[in-house]
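Engineer: The chain contents come next:
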Amino acid sequence: GAGVSQSPRYKVAKRGQDVALRCDPISGHVSLFWYQQALGQGPEFLTYFQNEAQLDKSGLPSDRFFAERPEGSVSTLKIQRTQQEDSAVYLCASSLSQGYLNEQFFGPGTRLTVL
Amino acid sequence: AQSVTQLDSHVSVSEGTPVLLRCNYSSSYSPSLFWYVQHPNKGLQLLLKYTSAATLVKGINGFEAEFKKSETSFHLTKPSAHMSDAAEYFCVVSDRSGNTGKLIFGQGTTLQVKP
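Chains as they are written, first to last, in our numbering: chain A, 3 to 117; chain B, 6 to 120.
The set of hints was computed from the structure by calculation and includes no laboratory data. Bear in mind that the values here come from a model prediction, so they are computed numbers and not experimental data. Check each hint, because a few of them may be wrong.
What the hints assert, rightly or not - Here are the in silico distance ranges between beta carbons for each label pair:
(1) A/D20 with B/Y34: 38 to 48 Å
(2) A/K16 with B/S35: 46 to 56 Å
(3) A/Y12 with B/Q50: 17 to 27 Å
(4) A/E105 with B/S8: 17 to 27 Å
For glycine and all other residues, C-beta sits at the position ideal for the given N, C-alpha and C.
Okay, chain A solo, but in the shape it has when bound (with noise of 0.2 Å):
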């Protein structure tokens, strides 16, 4: 079946410049997740939605980045005024239902350039 789909693959910002990166979900999945992954690094969570409920954006990095999924499935997360420290994978994952214990599925990412 269709696992969790990202758009677009690749992104070249000029720095100032507004994005916006779209989740697809594998479908039915409640619980959506973002992720940023600088070059050699390992992921750092962003953001956390249960259906359309943004329950956890402890790891926003700034008021520039901004998130939202309003009827539950598709998510697309902002970024204002972008910079050149925000030049990173963009992951989006998603899982059955809440909790600990759920497999997330992820998507393959969004790369973000920012010059």
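Put chain B on the given structure of chain A with help from the hints.
Structural biologist: Then chain B, alone, in the frame of chain A:
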């Protein structure tokens, strides 16, 4: 608080020889531990998980890991490396403090397999 430390940033083995990727964890709770693999330009894939059942966990592609509470370790092993095993490997602990299931990743170990 939970964390994981991968003791080697890079491991090189010859095809057909054993693989050992080392991971130590720190957790205030009984931990849920995972190993994920990341092939270039592909999404993260779950290899195996430990959730307080059997301490020896078997995963896909011949990998296994042993949970050792006394040593706070969760090392990944495989008896015989294959060229297709070359990838980035992440030891991961699930953050149980908020029950969202968000993952905390190690820094990663690059596995090189020489012919």
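Engineer: Given the hint of 17 to 27 Å, check if A/E105 and B/S8 actually sit that far apart at their C-beta atoms.
Structural biologist: 21 Å, holds
Engineer: Lying within 46 to 56 Å: is that true of the beta-carbon distance A/K16 to B/S35?
Structural biologist: 48 Å, holds
Engineer: Assuming the hint says 38 to 48 Å, is it satisfied by the Cβ distance from A/D20 to B/Y34 or not?
Structural biologist: Check passed, 39 Å falls within 38 to 48 Å.
Engineer: Could one say that the CB atoms of A/Y12 and B/Q50 fall in the range 17 to 27 Å?
Structural biologist: About 21 Å separates the Cβ atoms of A/Y12 and B/Q50, which means 17 to 27 Å holds.
The structure agrees with every numbered hint stated previously.
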